[in-house]
Amino acid sequence: MARPAYRVMAATPFLPPQLLERIGGLDLIARTVVHGFVAGTHRSPHRGAGEEFARHRPYQQGDEVRHIDWKLFGRTDRLYVREYREQSNLRAYLVVDSSLSMDFAEEGRVSKLRYAAYVAAALAHLMLRAGDAVGLATFGPQERLLVPARNRHGQLHDVLVPLERMRAEGGAGSAAALDRVGELLRRRGRVILISDLLEDDGGESLLRAVGRLRARGDEVLVLRVLTPLEAGERPLGAGMYFDPEHPTESLPAAPAADVGYGERVTEYYRGLATRFAEQGVEYVPLSTAQPVEHALVAWLRGRRA
Amino acid sequence: MIEFARPGFLLVGGVAALVPLLLHLIAQRPPDRAPLPTLRFLRRDPRTALRLRRRPDNLLLLLLRMLLLLLLGAAFAEPLWRPRAAGTVQVVLLERGAAAAGVWEEALGEARRLLLTPEGEAGGELVLFDSAAIHLPRERLTAAFLDSLAAAGPGSAPPDYSAALRAIPAVAAELGASDSIRVTLLSSPRWSGWRPGLAQQRRAAWPGALQIPALQRRTVDTPPPASPAEAGAAWVLAPPGEGRFVEAALGAMGLRVQRQPLTAVLEDDEGSTYLVLGPVPPPVERALAERVQAGATVVFAGQPAAVGVELPWEPEMEGEVNWGGALFFGPALVLDGAAGRVLGAPRPGAREIAAWEDGRAAAVAERRGAGCVVFVATALEGGTLPLAAGYPHAVDQLARGCERTRDDPLAAPSMDDHLPLDAGALRVLRAEERPPVIASAALAAAVAGVPLVRWVLLAALGTALLETLLAYGRRRAR
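In order, the protein sequences belong to chains A and B. For the first sequence, the working numbering gives the first residue as 1, with consecutive numbering after it. For the second sequence, the working numbering gives the first residue as 1, with consecutive numbering after it.
Certain hints may be false.
Stated by the list, open to error - With the Cβ distance kept under 10 Å, some of the chain B side facing chain A (calculated, not the full set): (1) 42; (2) 43; (3) 47.
By construction, these hints were calculated from the structure, which means they are not laboratory data. Idealized CB from N, CA, C, for every residue including glycine.
Start from the sequences and build out the full structure, keeping to the hints where you can.
Structure follows, in structure tokens:
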């Protein structure tokens with residue numbers, strides 16, 4: 001297995017999404033994000049039952065001395081520690097919303113779709129490192145299973161490639177994709193939905209699908225992606241607006257002057273959050289202005305719980 | 001003060017500037033739409049709808065395009081910056097040539113009245129001209145100068161009215177305090193001052209009316225013209241239907257004229273002048289020969305053969321040729337339009353009265369006894385000869401016969417012989433239908449001032465450049 005050629009940055013500040021965009025492909029982004037996250041949280045590789053050697057990595061302050069590979073040191077005069085892959089029987093699916101509404105971006109920022117791709121890539125990387133089998137599904141024009149859940153050599157690449165090529169189209173809801181994924185998870189698994197949750201029916205079908213997954217015992221994590229403009233956190237000028245998923249209808253509006261706009265948006269997502277909570281679903285609101293690592297923190301929190 | 005030599009182009013530019021405005025109003029694009037996935041949470045704002053409908057699109061581009069067309073119209077209007085001026089200046093064209101000899105004192109008196117204020121200061125501009133024109137500096141225009149001019153008298157050079165008129169724009173260019181001009185010509189208008197093409201040049205040089213006061217001509221040394229009773233009698237012998245032009249010309253010269261057929265028996269009248277316009281029978285010829293011996297002048301026109309009267313002409317061949325030409329009676333008397341000529345040469349001893357343009361003799365005279373025989377080698381009423389301005393004078397020259405010849409220095413055209421301009425030519429020169437006062441800016445080609453055309457074109461260039469950049473930027477943004 002090829003060893004990464006880059007140095008892990010200790011105490012790396014979380015990178016804003018627009019800066020990630022400049023780094024390059026999702027593979028590099030995912031590794032950068034994850035390593036930055038891992039370095040920031042001072043995770044140490046642990047050894048336990050069912051673990052197998054995964055790879056070497058350069059020694060970092062805080063690593064246990066017993067994990068140092070002295071043979072390698074003798075050969076290279078450099079300190080490396082062994083990392084072990086924790087074998088897991090967990091199968092997880094990343095369900096990414098690729099409908100037209102996800103193509104929205106503020107000026108100078110990445111689109112929601114691109115942001116969702118970052119999040120999905122980082123989560124895939126983490127879960128595969130943790131020994132989970134990870135698959136990918138999207139929904140836009142219709143639900144689509146892009147990558148079956150596996151944990152094998154090259155699986156991360158198999159997930160990242162369709163994420164990189166993902167394009168926004170269509171306006172289908174998430175329910176069908178969640179149901180499809182639920183059928184594939186023959187036993188308990190994990191479903192991570194990354195979407196803006198702007199459903200035509202107000203999220204009712206989504207809530208029902210989530211309920212079905214929870215009834216089967218699957219772990220469900222919902223990461224809502226929204227831009228500050230859409231959330232009403234930044235003023236939007238008067239003009240003629242249209243919904244990308246319903247482009248024939250236009251609306252003359254002045255969002256900045258519409259006092260209740262932000263409230264209505266907040267109320268909508270608050271309602272969803274409440275109902276997610278009732279079903280034991282962790283709901284994480286994300287903004288495209290935030291670093292991607294925030295999503296990882298949420299995932300870990302949920303995992304520990 | 002900014003003036004425009006061709007202000008009509010301002011209107012053209014204004015009308016042209018309306019075109020982009022109309023196109024802008026006609027071709028309004030629907031307002032740009034922006035995507036917003038959370039549209040469902042927005043409330044419709046009617047005021048925004050109104051504002052969007054009314055919002056002019058690309059207003060800056062529209063204004064730049066209108067400005068460009070206005071500037072181009074202004075450039076074609078030839079803007080000129082001149083110091084503010086007011087009042088009308090009197091410009092006097094005073095002829096100091098030979099034609100003014102008989103009216104010199106009167107002309108100077110009129111010039112004094114027009115140009116000097118009661119205090120004796122210059123109140124106008126003086127242009128002296130004969131064959132060329134000179135604008136007298138205003139500071140030199142004084143009563144003393146006019147006195148010295150009166151003492152010096154007129155010159156002897158022929159006048160040139162076109163030179164005088166061409167001096168007017170140059171005078172206008174030097175005017176500082178006045179914004180308009182009135183022109184007066186002080187001369188005894190003569191044909192000698194009329195140059196070919198003057199009628200066309202006249203309006204180009206001076207687009208207004210020309211004041212030409214009637215100056216009483218004094219001919220102190222020249223006896224007043226004789227009354228018709230004293231001027232003598234003339235007979236015109238002509239074929240039927242002919243002779244009226246000659247008759248009118250002789251009448252204009254003050255002669256008592258009678259017209260009769262070629263075959264009529266002459267009355268007994270020894271002192272008359274006879275103009276024979278066709279072949280006469282032998283009895284008439286013999287009668288004419290007797291009249292010549294008795295002191296009459298007989299003019300034969302266009303017929304080479306006269307048996308009873310020996311002509312001072314030796315024809316080269318029988319008949320006439322079809323090409324005529326111009327008849328030169330003297331430096332100031334040229335008649336064009338003769339149809340046909342009789343080839344030949346003067347007999348020895350005959351004197352030339354007139355010549356063709358190629359130098360051949362056209363009219364000769366010879367004394368016979370107490371009278372004179374004149375031969376004219378062309379039909380006096382042929383072609384467009386009778387329509388020439390000098391026709392009466394030419395006929396008069398022929399009728400005087402042996403008194404004047406072309407080579408006789410005594411017969412050199414004197415000022416008395418210079419024909420005055422007829423009513424038609426005077427009307428052209430005066431152009432009374434034009435305004436008497438013309439704005440100096442109308443003579444903008446030579447009017448002093450700062451031309452602004454280049455600056456206006458530069459501004460138009462800058463506007464066009466801005467418009468181009470802005471339009472390009474908008475296209476890229478889309």
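Checked hints:
1. 42: holds (4 Å)
2. 43: Holds, about 5 Å.
3. 47: With a closest approach of 8 Å, the residue 47 of chain B hint holds.
In summary, the structure agrees with every hint in the numbered list given earlier.
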